[in-house]
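Work out the full structure: start from the sequences and follow the hints.
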Amino acid sequence: MTRRLAVPLTLTLLAVLAGAQTTSQKLQDLQQQLQQQRALSAQQAQALQRLRERISTLGAQGQAALERIDALAASISSQEQAVQATRARTQAVQVSIATLDAQMGVTQARVEQLQASVRALMNALYRERSERYLQLLAQARTLPDLLVRARYANLSGQQNVRLIQMLRTERAQLDAQRAEQAKLAAELAALQARQLAQLEKLRDARAQQQQLYAQLRQSEAGQRALAVQTQAQQAITGQNIDAIVQNIQQERARLAEERRRRLEEERKRREAEARRIREAQERARREQARLAELARQQEARRRAAAAAAAAQQAASQRAAEASKRAAEAARQREEAQRVQAARARVTAEQQALAQRQEQLDVQAAQAEALAAPLPSSVGALAFPLPGGRVSSAFGASGPWVVLSGAPGQTAVAAARADVLAVTNNANLGWVVLLDHGAAISAYFGLSQPLVQAGDRVERGANVGVVGGSPQFGADSMAMQLIRIDGGVRRVVAPDF
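Numbered per mature numbering (1 follows the signal peptide of the UniProt record, and there is no 0), the sequence shown spans residues -20 to -1, 1 to 476.
Warning: the hint list may mix true and false statements.
[Said to hold, decoys possible] Cβ-Cβ distance ranges computed for the label pairs, FRET-style:
1. L176 to R142: 44 to 54 Å
2. A334 to E244: 48 to 58 Å
3. R151 to E246: 26 to 36 Å
4. Q153 to E246: 15 to 25 Å
5. E245 to A418: 49 to 59 Å
6. R311 to A72: 49 to 59 Å
7. A324 to G367: 52 to 62 Å
8. A334 to A166: 27 to 37 Å
9. A194 to A166: 38 to 48 Å
Since the hints were derived computationally from the structure, they do not count as laboratory data. Ideal placement from N, C-alpha and C gives every residue a C-beta, glycine not left out.
What follows is the structure, given as structure tokens:
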């Protein structure tokens, strides 16, 4: 399932993180923004000015190399976004298929049970035709008695019609579910093929990027371009991070309301399905009781027939009665087998209903956990890279800490949180923002996110894989912690 919760925010972040500008244009925009905010120190101003001057002195070859770096980085970022969107949709379709399979199991069991009931009804009507109906009416002694008997006979006929209508309705529902299943299966196959093509394209783009970096390192002009680009991107990184967090803070209330609405819709859907399951369970219970009573009556008739046969002593009647008893015994065995098969079908339906009810109970518990408010106090934070280390302290290269571990290591949530946003930037790699209630943590430099916007993650849950940013390295990521007190946002050093 895609998550509508993150769409407006994601569009905002994409606008903030757009990679279409060149490095020089980004630096110019950054300088203007900082000047407008009146937060540009003399040291920052001089650093930015020196970077822009170094870019202007690179020459045509260096400028072209820098533009190629920017273009490739922007292309890779766009492709990363496309891959993640396809992956999210694939996961949503897989969840829909699993839910539909469970619902089809319930419907299939119900259809089989109704088909058996209708077949039994048709056989009974064929054998008896209209004899029972005429016999019932012929036994009437008075006109009122005749009217009462006719009424009950008609009610029996209406019940038979309802049984057939129920079968028609359930069969139509099963056909619709099968059509939806085929549609989802086709969409899943298309998504998987698209994802494979996207991953191959992304792999080629990354290979081109690595080849370009290797070529640039072989020349002095290329080395100067790479050095300038690295310094410029470091300056841009800090501003991008601040812009992301600022937009998240502004969107926080809307995200919370959207989340509440989505959970309420899911709750109503589960309640409606649970109500249908309870009704089906009650029908199955009544059918099971009817079949049990029918089996009891059959057993009573069998015993009565056996007792009557034993009481017959006349030798002249034994041959004829033996044939009759054999036929009766065969009929009773056949009827007993039908009852046993019907009871097995009802039991299968009850099991399918119970299984689906368990799934709904699990979903309800998960939804309740998601709806629970986050704690008002975050408390001590878990280290985001288990077994890793702080390779660059808070404030050394910006208002964040750089954490290092092993290449491909998985970063985890520092505390219980809601996932506010997941987006990609050419310079920062994948960015994941977690709302802890009293604080927001931002994970930068991930090569692959393992969560989606709208998820609820527990302390220590996997968030993403490190190594997605050229600024932090293949074994590293950056983390920023924002404390929120009375609407005031403060970037602080993490307390781990």
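We went through each hint and held it up to the structure:
Distance hint check for L176 and R142: the Cβ-Cβ separation is about 51 Å, which falls inside the suggested range of 44 to 54 Å. At roughly 27 Å, the beta carbons of A334 and E244 sit outside the given window of 48 to 58 Å. A C-beta distance of roughly 28 Å is found between R151 and E246, which places it inside the suggested range of 26 to 36 Å. The hint said 15 to 25 Å for the Cβ distance between Q153 and E246, and at roughly 21 Å that hint holds.
Checked against the hint of 49 to 59 Å, the C-beta distance between E245 and A418 comes to roughly 28 Å, which is inconsistent with it. For the hinted restraint 49 to 59 Å between R311 and A72, the CB-CB distance of approximately 55 Å keeps it satisfied. Checked against the hint of 52 to 62 Å, the C-beta distance between A324 and G367 comes to roughly 55 Å, which is consistent with it. Between A334 and A166 the Cβ separation comes to about 31 Å, which falls inside the hinted range of 27 to 37 Å.
Our hint of 38 to 48 Å for A194 and A166 holds, since their Cβ atoms are close to 42 Å apart.
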